[in-house]
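Q: Chain by chain, the residues:
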Amino acid sequence: AQTVTQSQPEMSVQEAETVTLSCTYDTSESNYYLFWYKQPPSRQMILVIRQEAYKQQNATENRFSVNFQKAAKSFSLKISDSQLGDTAMYFCAFMKLGGQGGSEKLVFGKGTKLTVNP
Amino acid sequence: DGGITQSPKYLFRKEGQNVTLSCEQNLNHDAMYWYRQDPGQGLRLIYYSQIVNDFQKGDIAEGYSVSREKKESFPLTVTSAQKNPTAFYLCASSTGQGVNQPQHFGDGTRLSIL
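Residue numbers (our numbering), protein chains in the order written: chain A, 1 to 118; chain B, 1 to 114.
Don't read these hints as lab results, they were simulated from the structure. A quick note: this is a predicted structure, and the numbers were derived from the prediction, not measured. All C-beta atoms in this analysis are idealised placements derived from N, C-alpha and C, irrespective of residue type, glycine included. Mixed in with the good hints there might be a few duds.
What the hints assert, rightly or not - Here are a few chain A residues that face chain B, going by a calculated C-beta distance under 8 Å:
1) Tyr25
2) Pro41
3) Arg43
4) Met45
5) Val48
6) Lys70
7) Lys73
8) Phe91
9) Lys105
Claimed, not checked - Here are the computed lysine-lysine pairs in the DSS-like style, where the Cα-Cα straight-line distance is at most 27 Å:
10) Lys55(A) with Lys70(A)
11) Lys96(A) with Lys83(B)
12) Lys96(A) with Lys73(A)
13) Lys9(B) with Lys113(A)
14) Lys83(B) with Lys110(A)
15) Lys9(B) with Lys71(B)
16) Lys78(A) with Lys55(A)
17) Lys57(B) with Lys70(B)
18) Lys110(A) with Lys70(B)
19) Lys96(A) with Lys57(B)
20) Lys110(A) with Lys71(B)
21) Lys78(A) with Lys113(A)
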């Protein structure tokens, strides 16, 4: 079974600075996706960024980028130029591809609470 | 706009009572999911359905039941067998085709015990 570990329960950063959230995972699969979801105080889950395991290039979405180290099974999220609206819980998630059933089940980490201070 | 609608936003359950949480999507997605979120626990999968009239247990299915009679709807019933139902429940959907398609989430239902 896959597991996802987020070792930082809480983090804080000053507005306009850069912060990195850590995520490691354990799997024997070779074909999978990794995601970062954001959950603001409104509790809605919002997709931030995704990475295909077969791609060596790190994914980037505006101020959000990842550092994907497949051999180390590490998938960290970097937020540049932090904004007050980035304050939220951030969840790392793993999705196995293919196999019997083929359903896109997600396995989540326990989350990191990020606070951006003015 | 397409999306996922969960209702009600807040729900209260009496001891020994079954309650049903609604989840409707107009994204034409084949797959739908139910997650439970507890403080410090992240999201855990309760049930999922890849297609109409079919569903599978997730990691914490005991005390819950689902149905999938229509593509758009995937209601979750929290039965009296679920002894600790107080949690935030999230419904999600995806295309089910497994090709770089993330799950889309509803706004959630908070269930509490009276």
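Q: The structure should be examined with respect to each hint, and the outcome stated for every one.
A: Evaluated hints:
1. Interface restraint check: Tyr25(A) against chain B, minimum CB-CB distance 13 Å, threshold 8 Å, status violated.
2. Annotation: interface hint on Pro41(A) violated; nearest CB of chain B at approximately 12 Å, more than 8 Å.
3. Here the hint on Arg43(A) is kept, as its CB sits about 5 Å from the closest CB of chain B, short of 8 Å.
4. Evaluation of the Met45(A) hint against chain B yields a held restraint, the C-beta minimum of about 4 Å falling below 8 Å.
5. Using the Cβ-Cβ criterion of 8 Å, the hint placing Val48(A) at the interface with chain B is not satisfied: the shortest such distance is roughly 10 Å.
6. This hint is violated: Lys70(A) has a C-beta 17 Å from the nearest C-beta of chain B, more than the 8 Å allowed.
7. The restraint placing Lys73(A) at the interface with chain B is violated, with a minimum CB-CB distance near 18 Å, outside the 8 Å limit.
8. Taken as an interface hint, Phe91(A) checks out: its beta carbon lies about 6 Å from the nearest beta carbon of chain B, inside 8 Å.
9. Checking Lys105(A) against chain B by beta carbon gives a least distance of about 6 Å; that is within 8 Å, so the hint holds.
10. Among the hinted pairs, Lys55(A) with Lys70(A) is consistent with the structure: their alpha-carbon atoms are about 10 Å apart, no more than 27 Å.
11. A threshold of 27 Å between alpha carbons decides the hint, and for Lys96(A) with Lys83(B) the separation of about 31 Å lies outside it, so the pair is violated.
12. Our distance criterion of 27 Å between C-alpha atoms is met by Lys96(A) and Lys73(A), whose separation comes to about 14 Å.
13. For the hint pairing Lys9(B) with Lys113(A), the CA-to-CA distance comes to about 23 Å; that is within 27 Å, so the pair holds.
14. Taking the CA atoms of Lys83(B) and Lys110(A), the gap is about 22 Å. The hint holds against a cut of 27 Å.
15. Between the alpha carbons of Lys9(B) and Lys71(B) the distance comes to roughly 22 Å, so the proposed pair stays at or under 27 Å and holds.
16. Note on Lys78(A) and Lys55(A): the hinted pairing holds, with a Cα-Cα distance of about 18 Å set against a maximum of 27 Å.
17. Among the hinted pairs, Lys57(B) with Lys70(B) is consistent with the structure: their alpha-carbon atoms are about 18 Å apart, no more than 27 Å.
18. A distance of roughly 32 Å separates the Cα atoms of Lys110(A) and Lys70(B); the hinted pair therefore is violated under the 27 Å criterion.
19. Proposed proximity of Lys96(A) and Lys57(B) is supported: the alpha carbons are some 17 Å apart, at most 27 Å.
20. At most 27 Å may separate the alpha-carbon atoms for a hinted pair to count; Lys110(A) and Lys71(B) exceed this at roughly 30 Å.
21. Between the alpha carbons of Lys78(A) and Lys113(A) the distance comes to roughly 14 Å, so the proposed pair stays at or under 27 Å and holds.
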